[in-house]
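Heads up: the protein sequence lines correspond to chains C and Y, in order. Note that the working numbering gives residue 289 to position 289 of the first sequence, counting from 1, and the numbers run on in steps of one. Note that the working numbering gives residue 317 to position 317 of the second sequence, counting from 1, and the numbers run on in steps of one.
Simulated from the structure, these hints should not be mistaken for laboratory data. Computed from a prediction, not measured in an experiment: that's the story for all the values here. Built from N, CA and C at the ideal position, the CB exists for glycine as well. Fair warning: there could be bad hints in the mix.
Lysine-lysine pairs mimicking DSBU-like chemistry, simulated, CA-CA at most 30 Å apart [claimed, not checked]: (1) K391(Y) / K70(C); (2) K175(Y) / K155(C); (3) K165(Y) / K58(C); (4) K55(C) / K52(Y).
Which chain Y residues face chain C? A few, computed with CB under 10 Å, are given here [as the list claims (entries may be wrong)]: (5) I6; (6) N94; (7) T235; (8) T242; (9) T244; (10) V376.
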Amino acid sequence: MMSILELKNVTKRYDDKLVVDNVSFSIREGETFGLLGPNGAGKSTIISMICGLVKADKGNIFIDSHSISKDSIAAKKNIGIVPQDIALYENLNAIDNLKFWGTLYGLKGNLLRERIEEALEITGLKDRAKSKIKSYSGGMKRRINMAAAFMHHPKLLIMDEPTVGIDPQSRNHILEFTKSLNEEYGTTVMYTSHYMEEVEMLCSSLVILDEGKVIASGTQEEIKRMVSNEENIEISLTNYTNDIGLKLDKLRAVSGVNYKNGVLSVVMKISEKNGIQDIIDILIHNDAKIQNINIKVPNLETVFLNLTGKNLRD
Amino acid sequence: MKTISIFMNSLKLFLVNIKVYIFVFLIAPFIFSFMYGNMYKKILDPDRTIDKFQVAYIDMDKSPESKPLEQILRGDKLSKIVNLNNLSSLDNINSDLIKGNYTAAIVIPKDFSSNIGNNKEASIQVLQSPSAGVKGEIVYDIVKVYCSYLNMNRSVYSVIMKNLKDEVATEKMFKDITPLIEANLSKTYVTYTSLPKAKLLNYKQQFAPNMLIMFSLFIALTQAITVLKEREEGTVSRIYSTATSKLSFYFGKLLTVFSISLVQMICFLAVSILFIGVNFGNYLNLIPIMITHAVIISAITALLMVLFRNVNVLSVVFSFLAAIMSIFSGSFSPADYYPEFMRRISHFTVNYWINNLYTSNMLGDSFAYLFQIIAVMLVISAMVILLGAVKIKHEY
Numbered sequence: 001m002m003s004i005l006e007l008k009n010v011t012k013r014y015d016d017k018l019v020v021d022n023v024s025f026s027i028r029e030g031e032t033f034g035l036l037g038p039n040g041a042g043k044s045t046i047i048s049m050i051c052g053l054v055k056a057d058k059g060n061i062f063i064d065s066h067s068i069s070k071d072s073i074a075a076k077k078n079i080g081i082v083p084q085d086i087a088l089y090e091n092l093n094a095i096d097n098l099k100f101w102g103t104l105y106g107l108k109g110n111l112l113r114e115r116i117e118e119a120l121e122i123t124g125l126k127d128r129a130k131s132k133i134k135s136y137s138g139g140m141k142r143r144i145n146m147a148a149a150f151m152h153h154p155k156l157l158i159m160d161e162p163t164v165g166i167d168p169q170s171r172n173h174i175l176e177f178t179k180s181l182n183e184e185y186g187t188t189v190m191y192t193s194h195y196m197e198e199v200e201m202l203c204s205s206l207v208i209l210d211e212g213k214v215i216a217s218g219t220q221e222e223i224k225r226m227v228s229n230e231e232n233i234e235i236s237l238t239n240y241t242n243d244i245g246l247k248l249d250k251l252r253a254v255s256g257v258n259y260k261n262g263v264l265s266v267v268m269k270i271s272e273k274n275g276i277q278d279i280i281d282i283l284i285h286n287d288a289k290i291q292n293i294n295i296k297v298p299n300l301e302t303v304f305l306n307l308t309g310k311n312l313r314d
Numbered sequence: 001m002k003t004i005s006i007f008m009n010s011l012k013l014f015l016v017n018i019k020v021y022i023f024v025f026l027i028a029p030f031i032f033s034f035m036y037g038n039m040y041k042k043i044l045d046p047d048r049t050i051d052k053f054q055v056a057y058i059d060m061d062k063s064p065e066s067k068p069l070e071q072i073l074r075g076d077k078l079s080k081i082v083n084l085n086n087l088s089s090l091d092n093i094n095s096d097l098i099k100g101n102y103t104a105a106i107v108i109p110k111d112f113s114s115n116i117g118n119n120k121e122a123s124i125q126v127l128q129s130p131s132a133g134v135k136g137e138i139v140y141d142i143v144k145v146y147c148s149y150l151n152m153n154r155s156v157y158s159v160i161m162k163n164l165k166d167e168v169a170t171e172k173m174f175k176d177i178t179p180l181i182e183a184n185l186s187k188t189y190v191t192y193t194s195l196p197k198a199k200l201l202n203y204k205q206q207f208a209p210n211m212l213i214m215f216s217l218f219i220a221l222t223q224a225i226t227v228l229k230e231r232e233e234g235t236v237s238r239i240y241s242t243a244t245s246k247l248s249f250y251f252g253k254l255l256t257v258f259s260i261s262l263v264q265m266i267c268f269l270a271v272s273i274l275f276i277g278v279n280f281g282n283y284l285n286l287i288p289i290m291i292t293h294a295v296i297i298s299a300i301t302a303l304l305m306v307l308f309r310n311v312n313v314l315s316v317v318f319s320f321l322a323a324i325m326s327i328f329s330g331s332f333s334p335a336d337y338y339p340e341f342m343r344r345i346s347h348f349t350v351n352y353w354i355n356n357l358y359t360s361n362m363l364g365d366s367f368a369y370l371f372q373i374i375a376v377m378l379v380i381s382a383m384v385i386l387l388g389a390v391k392i393k394h395e396y
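The whole structure should be built from the sequences, with the hints applied where relevant.
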């Protein structure tokens, strides 16, 4: 599948500070891509460079094969940006805002009218279409903010922390909306967020940035395996005997067993495909009664912690 | 197309606060120009006519020597300013003069003609009211000239008498010579030429363009602030992230300023002409003048857009500059009465040059003269706008 976005050795410096250091990655058409990193990692600068708002000191950025520095108008036609802050005209109503942004994205006539209708429909704000944006709640503003970027059905939708500071209901709405854009319209989405669970839920592949550098990239699985190829299984059970422990220890898939307060913790190698089945078989054959099984897979938060020694929200 | 979209959107944003802007950009300059015009009305349009005043005329002699003075005072020219009241006695005349019922009183004593005949001292008394002022002087001078005439006749009579030493012959010769003297007296040796009035603005014209210009500067300020706020709120970055060139945004904004300025000027001129009768001169010339004015305001907006990054700094600095330029160019008092150095400084203000266009048209200057100023101002404005475009295009 061809790349819709490609960054090649992109570097940006503000005075003496290197904010983006030789970053390269690409996003394939149709995928939902996550860009992760703590504050100051260089995410916003990279997005600004992709949108042509900031010029890279070195390297190239291509959007649908168009260079943003040499052919910016053609490159920008393929993107829609959902800025971190609400960038709408709050004194105008939703229709006027959508009409304006739609026109700037090249829509006109019937198509523009249809897309305005569609935007109001998918944001669920049809009944508030003629109200001024300033009268909207934070979540409603976020939805219109997103719809304005999607009106022209861009090949690449860039979402810069779109759920910051909104209520859980609106957050869910935005996440569902993002999912549906990717699934129904085939839109490639580049998503940045502080919220790890959002990225885990939405993104098939991602890049983790820290201090301007790419510290990890690939699919979620690939990145998680960079820090650990083991899973921790916690089994709540009764009738535990030391014999069970000995049998489990002998399994190839198991690298550690510990029983404490009714919970059996088993460290299992991910590479062993039948590992979990073998463990359960031993427990059943030894009359242990399983009450609960909890498989602890390393999440992106722990991955980030492992890679950088700090939390993502530092 | 994108430029038009940005223009339409900016216009919509402007119309959100249209009531405020109507007051600020139309009603306020109208009120100020009317108010300042009336404040300086007496200086700019002094009343050069003399009010008709009352003169008491008490002729107790009623002789051929006294009668002509009354006829002079009742003549065509003097009767426009003198209302002559014949009184029979001097009763209450002093109190009437003190009260201001009469500006002056002319008293011809009973023995006036006989004293002249007997070659004795004869005098006409002129009494002036304490508040008579220059009007009393006028009455005094008329009587004085009349007395000179009588004295001259008396001198002529005496010279004839001295030579002929015969009263009958003297009377005869005097009667023969009097018409000749009078004929000579009516010959005028003073050439009176009424020069055309100097070209001056009246009190209505003085402040109307000045106020229009001052308030139009605030259109530039408000529109530049709008752009800075858009920058702060992120809409400008968002516009730049679309397939819209920076120049489309820039010229879309300037087109908005140009249109708003032009509408403000047309409305202000219409209101001023209709409601207070300001004469703005040749209407056809006003078209290029207003277009030039609107282009200048657009150029100022362009300058503010590219020079400033902070709304507060822009507001303070430009409001101060606009106020200073307006003071020096005569927005608050007639610049013709300023000291020389202030008038020279005013030449460095944009207000002065725009005002110059309006006032020259009011005073009836030719379009050829106006065109010189218009051409220079348009070239300078175009250069400023182009420099702004270059700056905007290359800014990241």
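Hints, one by one, checked against the model:
no., hint, verdict
1, K391(Y) / K70(C), "holds (19 Å)"
2, K175(Y) / K155(C), "violated (121 Å)"
3, K165(Y) / K58(C), "violated (128 Å)"
4, K55(C) / K52(Y), "violated (83 Å)"
5, I6, "holds (8 Å)"
6, N94, "violated (77 Å)"
7, T235, "holds (5 Å)"
8, T242, "holds (4 Å)"
9, T244, "holds (5 Å)"
10, V376, "violated (37 Å)"
Violated hints for the displayed structure, listed by number in ascending order: 2, 3, 4, 6 and 10.
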